[in-house]
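Asker: For reference, the chains in residue letters:
Number of protein chains: 2
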Amino acid sequence: MTVERAPVSGSGKRPGRRPGKTVSRQVILSVAMKRFAEVGYEGVSLRSIAREAQVDPALVRHFFASKEGLFEAVMRDAFHPEDFAVVVEGGEERMGERLVAGFLEMWETQPSRDKLLSVLRSAVTRDAAANMVRSFIVGEVLAPITRAIGRPHPQARAALVGTQLVGVALARYVVKTQPLPTMRLDAVVQVIAPSIQRFLTGDLPDVFDETA
Amino acid sequence: MTVERAPVSGSGKRPGRRPGKTVSRQVILSVAMKRFAEVGYEGVSLRSIAREAQVDPALVRHFFASKEGLFEAVMRDAFHPEDFAVVVEGGEERMGERLVAGFLEMWETQPSRDKLLSVLRSAVTRDAAANMVRSFIVGEVLAPITRAIGRPHPQARAALVGTQLVGVALARYVVKTQPLPTMRLDAVVQVIAPSIQRFLTGDLPDVFDETA
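Chains D and S are the protein sequences, given in the same order. For the first sequence, the residue numbers in the working numbering are 1 to 212. For the second sequence, the residue numbers in the working numbering are 213 to 424.
The shape of chain D in the complex, shown without the other chains (with noise of 0.2 angstroms):
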């Protein structure tokens, strides 16, 4: 599934830009956000969206296409799935702690955080959402990495390494499990870099059925 972008708003001037779509998508984007969060992926209406966005359903649509592609843009949006093209850059060695540090980097700011946050609340409670936040996650961050690598079992590795950063994630960002809440994130990427590390190229036990 593909998302239909907001055309960028050409002209560039800033400060004092008049709002036009690209703002118009951004509202559209924060009020799905908080909706998604508050009341789950199913609560969800386009048409609620737009009422609170206070733009015409017709803009959502023009924007979205659908609720799945408003979803799938609020994921794109928490997850920037293209910044993490570093992780791989670098070649291997760290490669374990350039993918946790730039993971865990996301949620250290608030806004982002809510964002996630927003995602995660929608995949862990029992509706639709949990599907597509899986398949993007996997899918289209991690998956992209553990191919990249040139690994047997790139879709299990990247799963496995999926398990491991939400823990980490929901430690110290949500349940709040002391100590990791309070430590420097240096500190968080230092010990849990080597379990990604071994994820991402380690020789893991033949245990695998996939071959893709």
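Just so you know, not all the hints are guaranteed correct.
Some chain D residues near chain S, calculated using beta-carbon distances under 7 angstroms [unchecked claim]:
id : residue
1  : ALA101
2  : ALA123
3  : GLY167
4  : LEU180
5  : GLN197
6  : THR201
7  : PRO205
These are calculated hints, taken from the structure and not from any lab test. Each residue gets a CB set at the ideal place from its N, CA and C atoms; glycine is no exception.
Since the structure of chain D is provided, determine the placement of chain S on it from the hints.
Answerer: Coordinates of chain S only, in the frame set by chain D:
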């Protein structure tokens, strides 16, 4: 916090044992488990649980004292912390394997999985349950293990173990990240155990402030 235990109905004759206090306690517990999962910790009242369990509210107070006490009993019923003694008893070498196997085995059967999910969902949505779940899992399930091992930073080790265990449970049983849900249990254990073993007994970077 301690939970008032229901008096064991002494005679032990079965089958055909008449419903008694033990049965009422179990009925209240399973109603509570279902309600916590449906509406979250804050949405539940002792009175509403009594109504649904068709018992007097005084009986709920007799068994569980408070809503906190009831939630703790639900957690205890889901996690059976006493079962984790075997992790320590078998010596250090394959501790990671025994811990992850014991933890995942709890999730493998449906009634038990529903209980664990109920607790986990209460913790991830934003309410007071998160604190209770965290201190229960880390304090009563994992910290006794890391303290018994006698390595530095038992609290941090327990928290780290928790991040990986919760992440795997989410991936295998909730968000269903392939190939984790379809792998044999012992294969998952083999892949995850080295991370758990490192958190339990390995040399960790010297990045923790706490000395407890």
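Asker: If a hint holds in the structure, say so; if it does not, say that too.
Answerer: These are the hints, each one checked on the structure:
Taken as an interface hint, ALA101 (chain D) does not check out: its beta carbon lies about 14 angstroms from the nearest beta carbon of chain S, beyond 7 angstroms. At its closest, the beta carbon of ALA123 (chain D) sits 6 angstroms from a beta carbon of chain S; the interface hint therefore holds under the 7 angstroms criterion. Here the hint on GLY167 (chain D) is kept, as its CB sits about 3 angstroms from the closest CB of chain S, short of 7 angstroms. Because the closest C-beta pair between LEU180 (chain D) and chain S is about 5 angstroms apart, less than 7 angstroms, the hint holds.
At a threshold of 7 angstroms, the smallest CB-CB gap from GLN197 (chain D) to chain S is about 11 angstroms, leaving the interface hint violated. Because the beta carbon of THR201 (chain D) sits about 14 angstroms from the nearest beta carbon in chain S, more than 7 angstroms, this interface hint is broken. The restraint placing PRO205 (chain D) at the interface with chain S holds, with a minimum CB-CB distance near 4 angstroms, inside the 7 angstroms limit.
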